[in-house]
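Generate the whole structure from the sequences, applying the supplied hints.
Number of protein chains: 2
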Amino acid sequence: MNNSFTIGGQIVDLVHSRIFSGVIVVEDGKISKIKEKAIGNAPYILPGFVDAHVHIESSMLVPSEFARLATCHGTVATVSDPHEIANVLGVKGVNYMISNGKKVPFKFFFGAPSCVPATAFETTGGTLDAKLVEKMLASPDIHYLSEMMNYPGVINGDPEIMAKIAAAKKYGKPIDGHAPMVTGEALQKYVGAGISTDHECFRQEGALEKISLGMKILIREGSAARNFEALIPLMASHPDKLMFCSDDKHPNELVKGHIDELVCRAIDLGYNVLDVLKAASLNAIQHYKLNVGLLQPGDDADFIVVDDLRHPIARQTYIKGEKVAENGVSNIKYEETDTPNYFERPYLYAQDIFVPDEGKKIKVIDCLDGQVITKCFTAEPKVVNGGIVSDVERDILKIVVVNRYQPYTPAVAFIKGFGLKRGALASSVAHDSHNLVAVGATDSDILHAINLLIEHTGGVTAYCSTEMMAVPLPVAGLMSNEDGYQVAAAYENVNALAKRLGSTLYAPFMTLAFMSLLVIPELKLSDQGLFDVKKFGFTSIYEDENTEMPAV
Amino acid sequence: MNNSFTIGGQIVDLVHSRIFSGVIVVEDGKISKIKEKAIGNAPYILPGFVDAHVHIESSMLVPSEFARLATCHGTVATVSDPHEIANVLGVKGVNYMISNGKKVPFKFFFGAPSCVPATAFETTGGTLDAKLVEKMLASPDIHYLSEMMNYPGVINGDPEIMAKIAAAKKYGKPIDGHAPMVTGEALQKYVGAGISTDHECFRQEGALEKISLGMKILIREGSAARNFEALIPLMASHPDKLMFCSDDKHPNELVKGHIDELVCRAIDLGYNVLDVLKAASLNAIQHYKLNVGLLQPGDDADFIVVDDLRHPIARQTYIKGEKVAENGVSNIKYEETDTPNYFERPYLYAQDIFVPDEGKKIKVIDCLDGQVITKCFTAEPKVVNGGIVSDVERDILKIVVVNRYQPYTPAVAFIKGFGLKRGALASSVAHDSHNLVAVGATDSDILHAINLLIEHTGGVTAYCSTEMMAVPLPVAGLMSNEDGYQVAAAYENVNALAKRLGSTLYAPFMTLAFMSLLVIPELKLSDQGLFDVKKFGFTSIYEDENTEMPAV
Numbered sequence: 001m002n003n004s005f006t007i008g009g010q011i012v013d014l015v016h017s018r019i020f021s022g023v024i025v026v027e028d029g030k031i032s033k034i035k036e037k038a039i040g041n042a043p044y045i046l047p048g049f050v051d052a053h054v055h056i057e058s059s060m061l062v063p064s065e066f067a068r069l070a071t072c073h074g075t076v077a078t079v080s081d082p083h084e085i086a087n088v089l090g091v092k093g094v095n096y097m098i099s100n101g102k103k104v105p106f107k108f109f110f111g112a113p114s115c116v117p118a119t120a121f122e123t124t125g126g127t128l129d130a131k132l133v134e135k136m137l138a139s140p141d142i143h144y145l146s147e148m149m150n151y152p153g154v155i156n157g158d159p160e161i162m163a164k165i166a167a168a169k170k171y172g173k174p175i176d177g178h179a180p181m182v183t184g185e186a187l188q189k190y191v192g193a194g195i196s197t198d199h200e201c202f203r204q205e206g207a208l209e210k211i212s213l214g215m216k217i218l219i220r221e222g223s224a225a226r227n228f229e230a231l232i233p234l235m236a237s238h239p240d241k242l243m244f245c246s247d248d249k250h251p252n253e254l255v256k257g258h259i260d261e262l263v264c265r266a267i268d269l270g271y272n273v274l275d276v277l278k279a280a281s282l283n284a285i286q287h288y289k290l291n292v293g294l295l296q297p298g299d300d301a302d303f304i305v306v307d308d309l310r311h312p313i314a315r316q317t318y319i320k321g322e323k324v325a326e327n328g329v330s331n332i333k334y335e336e337t338d339t340p341n342y343f344e345r346p347y348l349y350a351q352d353i354f355v356p357d358e359g360k361k362i363k364v365i366d367c368l369d370g371q372v373i374t375k376c377f378t379a380e381p382k383v384v385n386g387g388i389v390s391d392v393e394r395d396i397l398k399i400v401v402v403n404r405y406q407p408y409t410p411a412v413a414f415i416k417g418f419g420l421k422r423g424a425l426a427s428s429v430a431h432d433s434h435n436l437v438a439v440g441a442t443d444s445d446i447l448h449a450i451n452l453l454i455e456h457t458g459g460v461t462a463y464c465s466t467e468m469m470a471v472p473l474p475v476a477g478l479m480s481n482e483d484g485y486q487v488a489a490a491y492e493n494v495n496a497l498a499k500r501l502g503s504t505l506y507a508p509f510m511t512l513a514f515m516s517l518l519v520i521p522e523l524k525l526s527d528q529g530l531f532d533v534k535k536f537g538f539t540s541i542y543e544d545e546n547t548e549m550p551a552v
Numbered sequence: 001m002n003n004s005f006t007i008g009g010q011i012v013d014l015v016h017s018r019i020f021s022g023v024i025v026v027e028d029g030k031i032s033k034i035k036e037k038a039i040g041n042a043p044y045i046l047p048g049f050v051d052a053h054v055h056i057e058s059s060m061l062v063p064s065e066f067a068r069l070a071t072c073h074g075t076v077a078t079v080s081d082p083h084e085i086a087n088v089l090g091v092k093g094v095n096y097m098i099s100n101g102k103k104v105p106f107k108f109f110f111g112a113p114s115c116v117p118a119t120a121f122e123t124t125g126g127t128l129d130a131k132l133v134e135k136m137l138a139s140p141d142i143h144y145l146s147e148m149m150n151y152p153g154v155i156n157g158d159p160e161i162m163a164k165i166a167a168a169k170k171y172g173k174p175i176d177g178h179a180p181m182v183t184g185e186a187l188q189k190y191v192g193a194g195i196s197t198d199h200e201c202f203r204q205e206g207a208l209e210k211i212s213l214g215m216k217i218l219i220r221e222g223s224a225a226r227n228f229e230a231l232i233p234l235m236a237s238h239p240d241k242l243m244f245c246s247d248d249k250h251p252n253e254l255v256k257g258h259i260d261e262l263v264c265r266a267i268d269l270g271y272n273v274l275d276v277l278k279a280a281s282l283n284a285i286q287h288y289k290l291n292v293g294l295l296q297p298g299d300d301a302d303f304i305v306v307d308d309l310r311h312p313i314a315r316q317t318y319i320k321g322e323k324v325a326e327n328g329v330s331n332i333k334y335e336e337t338d339t340p341n342y343f344e345r346p347y348l349y350a351q352d353i354f355v356p357d358e359g360k361k362i363k364v365i366d367c368l369d370g371q372v373i374t375k376c377f378t379a380e381p382k383v384v385n386g387g388i389v390s391d392v393e394r395d396i397l398k399i400v401v402v403n404r405y406q407p408y409t410p411a412v413a414f415i416k417g418f419g420l421k422r423g424a425l426a427s428s429v430a431h432d433s434h435n436l437v438a439v440g441a442t443d444s445d446i447l448h449a450i451n452l453l454i455e456h457t458g459g460v461t462a463y464c465s466t467e468m469m470a471v472p473l474p475v476a477g478l479m480s481n482e483d484g485y486q487v488a489a490a491y492e493n494v495n496a497l498a499k500r501l502g503s504t505l506y507a508p509f510m511t512l513a514f515m516s517l518l519v520i521p522e523l524k525l526s527d528q529g530l531f532d533v534k535k536f537g538f539t540s541i542y543e544d545e546n547t548e549m550p551a552v
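Chains as they are written, first to last, in this note's numbering: chain F, 1 to 552; chain G, 1 to 552.
Note that these hints are calculated values from the structure, not bench results.
Derived EDC-like pairs: lysine to aspartate or glutamate, alpha-carbon spacing no greater than 20 Å straight-line:
{"id": "1", "chain 1": "G", "residue 1": "K189", "chain 2": "G", "residue 2": "E209"}
{"id": "2", "chain 1": "F", "residue 1": "K92", "chain 2": "F", "residue 2": "E134"}
{"id": "3", "chain 1": "G", "residue 1": "K421", "chain 2": "F", "residue 2": "D483"}
{"id": "4", "chain 1": "G", "residue 1": "K103", "chain 2": "G", "residue 2": "E336"}
{"id": "5", "chain 1": "G", "residue 1": "K421", "chain 2": "F", "residue 2": "E336"}
{"id": "6", "chain 1": "F", "residue 1": "K499", "chain 2": "G", "residue 2": "E492"}
{"id": "7", "chain 1": "G", "residue 1": "K131", "chain 2": "G", "residue 2": "D141"}
{"id": "8", "chain 1": "G", "residue 1": "K534", "chain 2": "G", "residue 2": "D544"}
{"id": "9", "chain 1": "G", "residue 1": "K421", "chain 2": "F", "residue 2": "E335"}
{"id": "10", "chain 1": "G", "residue 1": "K102", "chain 2": "G", "residue 2": "D483"}
{"id": "11", "chain 1": "G", "residue 1": "K103", "chain 2": "G", "residue 2": "D483"}
{"id": "12", "chain 1": "F", "residue 1": "K421", "chain 2": "G", "residue 2": "E336"}
{"id": "13", "chain 1": "F", "residue 1": "K535", "chain 2": "F", "residue 2": "E522"}
{"id": "14", "chain 1": "G", "residue 1": "K289", "chain 2": "G", "residue 2": "D275"}
{"id": "15", "chain 1": "G", "residue 1": "K92", "chain 2": "G", "residue 2": "E344"}
{"id": "16", "chain 1": "G", "residue 1": "K323", "chain 2": "G", "residue 2": "D28"}
{"id": "17", "chain 1": "F", "residue 1": "K421", "chain 2": "G", "residue 2": "E335"}
{"id": "18", "chain 1": "G", "residue 1": "K33", "chain 2": "G", "residue 2": "E322"}
{"id": "19", "chain 1": "G", "residue 1": "K92", "chain 2": "G", "residue 2": "D338"}
{"id": "20", "chain 1": "F", "residue 1": "K375", "chain 2": "F", "residue 2": "D544"}
{"id": "21", "chain 1": "F", "residue 1": "K92", "chain 2": "F", "residue 2": "E344"}
{"id": "22", "chain 1": "G", "residue 1": "K92", "chain 2": "G", "residue 2": "E336"}
{"id": "23", "chain 1": "G", "residue 1": "K499", "chain 2": "F", "residue 2": "E492"}
{"id": "24", "chain 1": "F", "residue 1": "K375", "chain 2": "F", "residue 2": "E522"}
{"id": "25", "chain 1": "F", "residue 1": "K170", "chain 2": "F", "residue 2": "D129"}
{"id": "26", "chain 1": "G", "residue 1": "K333", "chain 2": "F", "residue 2": "E393"}
{"id": "27", "chain 1": "F", "residue 1": "K421", "chain 2": "G", "residue 2": "D483"}
Right, dumping it as structure tokens:
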């Protein structure tokens with residue numbers, strides 16, 4: 001491969017905040033020289049975009065396919081937390097991501113997941129204790145300690161947590177934060193521990209407090225959480241403290257755009273173009289000390305070519321001097337990959353999800369469209385033959401979480417908000433432990449949807465009596481090993497079926513995947529049982545004397 | 001139920017070819033009186049529409065659901081040949097159709113299928129010999145001998161065939177024809193045997209010859225064959241010889257329209273409104289002596305109410321005085337039904353569809369979009385590991401027909417025209433024996449698609465590595481027992497997936513279903529082997545000295 005050439009244009013030098021006409025000489029994938037020279041009517045050359053925090057797994061694509069889609073949007077690098085696969089496969093999963101990522105000319109910077117498992121109240125396939133995390137951080141393939149979600153642990157000086165933080169410091173690697181709604185003294189302790197970023201802000205006030213304590217803020221806009229609109233005004237006051245990230249980006253949305261979308265939106269809102277471009281590349285590159293080129297002599301030749309600086313959609317994307325994408329088509333080839341998984345689940349039967357009526361009201365999870373938090377209330381159950389079943393009329397449906405690592409009895413609860421009129425949905429993407437989660441209009445539908453999932457050892461499924469669909473995700477039950485564009489189309493299709501079954505949610509499978517996320521209030525369902533996040537402990541599905549929920 | 005009321009309007013009396021203003025008195029579902037009376041600005045009341053030849057099974061709906069959808073389009077009756085289910089289940093299948101149809105207020109007139117099996121070169125689940133056919137014809141629930149496809153048998157006086165015809169005559173029941181391209185002396189013999197209709201004309205000449213011999217012509221416009229445009233000019237010259245029929249109507253198209261569409265199109269073309277309406281009701285009612293009302297005193301109160309006689313879309317549909325549909329919504333309720341089937345097929349393995357390379361060219365079925373006839377040619381095979389496989393580049397794909405009644409070795413051949421780039425399609429709707437038919441880009445895809453079909457004991461499936469869909473048809477592997485609108489949506493969805501897999505055909509599953517229809521030239525595939533229709537016998541898939549096909 002000959003990565004030596006020259007390219008001329010309006011060079012956007014974010015390091016020195018200037019734009020000049022010139023020629024870049026690329027030799028063996030590196031920039032050997034930049035000559036200022038008048039060039040008429042040439043396109044702009046600027047550093048490629050960086051997603052400063054993204055779980056590749058949420059794209060349902062392996063890294064090599066993620067790269068194919070992302071490079072078309074001018075993305076050249078990601079700071080990536082392999083948290084999801086680590087919950088399934090532990091260190092083996094992290095190593096899979098690293099080695100798969102190396103198959104393609106794209107710059108993945110993986111971190112060591114800091115919180116696997118996320119809580120002690122759920123069952124994961126993998127566990128990363130302080131020793132394993134330290135071992136990972138010692139590797140040159142691990143670039144940071146990622147997403148310290150256990151902020152109570154940090155604030156209270158939990159020894160295991162502090163050992164992980166100490167290990168990151170020992171190897172001089174940055175520590176990423178995750179501190180939604182943490183403020184005041186608690187936040188000071190959290191930042192004082194050495195945590196330097198946060199991507200969980202959804203209001204300017206919180207972000208400003210964090211910035212005042214020295215943190216960098218990642219403006220997140222992905223498939224799950226969307227904070228761009230709330231936080232972009234910070235671009236006027238604190239541009240050097242900002243980066244862009246997607247956190248979770250589903251394949252059908254990654255096909256449409258990536259960091260380039262946020263750049264265009266910010267410029268359209270009137271923010272300074274160079275400030276916006278820095279948030280999309282330089283700020284992340286410098287903060288994480290990423291080996292990504294910034295158009296300086298000696299840098300890797302990582303850059304994009306755009307025609308309109310106010311609408312910087314990549315016409316060409318270069319990584320290490322290799323043209324990896326042009327006009328929306330990637331030159332990266334599809335790569336075969338193996339399919340590591342951890343999936344030990346026998347088929348389910350009716351008695352596994354039977355819920356006896358005890359003559360009491362039941363607690364109901366109240367899910368809110370587009371949000372990962374839930375509310376809760378109590379209601380009279382619908383009882384058939386002594387068992388509590390889904391009530392389509394009142395939209396109080398049975399939800400099931402099934403341990404996929406051991407053959408234990410499923411956890412069953414009830415949820416409002418999905419709106420299914422018939423059929424069932426199931427997914428092996430279920431944060432953070434990625435057990436199996438399903439919701440449905442009847443017990444039979446739920447069993448069919450879960451068993452279809454089990455048959456394919458993971459994926460997302462929609463089942464009803466007139467049709468059934470499965471999108472297999474054989475890599476850890478989280479990712480497909482196939483072409484990204486086809487996966488995107490398949491995911492759109494199963495989503496459409498979910499809506500045809502009556503779901504009124506914007507993204508039914510996404511909401512479903514977060515109903516088992518125990519760290520976000522109020523009422524959630526782990527594979528081990530119904531979980532009251534405020535009390536941070538399990539709770540009965542039946543109303544009892546301790547129940548403090550509105551009755552409906 | 002009170003089916004006694006009066007209704008006023010512009011009454012369209014097709015029996016006396018007049019339209020008059022009046023009031024119809026309905027008592028107990030029958031018209032007791034019609035009074036001429038001036039009524040200002042009232043809607044039109046006309047006889048309901050009759051589909052003069054339709055295989056209900058092709059709608060993928062059981063009769064009770066077919067009725068729900070059809071009544072919304074002003075259809076009150078069908079002349080229906082239960083040929084498809086008879087091939088699977090014999091007399092038991094026919095009886096299922098009759099008894100299911102009786103559950104709803106719709107007028108089904110079933111016939112005795114005349115040709116089950118259709119040929120001796122395929123395996124069916126059911127057989128109807130002359131004795132059984134005579135027994136059926138003796139029943140008041142059987143109204144005619146349907147679709148005498150075996151015209152060579154009629155012309156040559158085959159005793160079994162002649163016995164079936166004699167039985168129909170004995171009970172005074174009409175005999176339906178099916179004589180594509182039969183002319184001259186042969187046609188005279190065919191008509192002379194007492195066969196009085198034909199729905200296989202696709203040119204005016206053929207139709208005129210049949211009319212001259214006394215036959216009635218059914219203008220067919222369905223999902224499979226579309227002859228309306230070619231034959232509608234006969235409406236000017238021979239209106240009293242014509243009826244409308246759909247023959248095969250898929251659920252997604254039945255949702256959109258039925259005989260009403262043909263009526264509107266014919267009126268739009270300028271043909272006499274009364275002539276067109278007669279072809280849509282009176283002509284069939286009189287020919288088949290159907291107990292369907294024609295707005296005469298004493299008749300059943302079967303009629304529709306329309307606002308615009310030149311665009312007669314039913315605002316209300318009445319059958320025996322019961323308002324069965326209004327404004328596109330049926331009052332017929334969904335009825336539970338059992339799911340009789342004949343499906344004895346173990347899963348398939350790779351060796352079952354392995355085709356050894358013999359160093360020779362292979363014969364290839366050349367399918368044509370929107371047609372049931374095929375062409376053929378010979379080509380060099382693509383060989384991998386000693387076996388002949390699908391060649392996506394040249395669009396020469398493996399096609400498999402699998403006996404679903406006995407566990408015999410599948411028949412395998414090759415076909416051009418499907419255009420699949422990946423994945424496979426499979427169907428248990430496969431004329432006329434309804435074995436399993438599949439086509440695919442790789443052996444593995446084909447096995448998955450067929451095994452998915454076997455898992456659901458029938459239906460249509462599409463399989464690829466990124467997604468899979470199944471539309472189960474548990475009633476004989478031909479029909480769903482579920483809501484017709486949902487079945488229509490499911491069928492649209494699996495069709496869309498087939499196209500996403502690369503198929504360029506208008507209706508890939510329909511074309512697939514006709515590749516095993518041995519009575520239509522040139523090269524077809526039965527469960528027993530590749531079939532040369534011109535020679536009317538089996539042929540090797542390898543080129544041999546007798547091969548008379550163009551080489552490609």
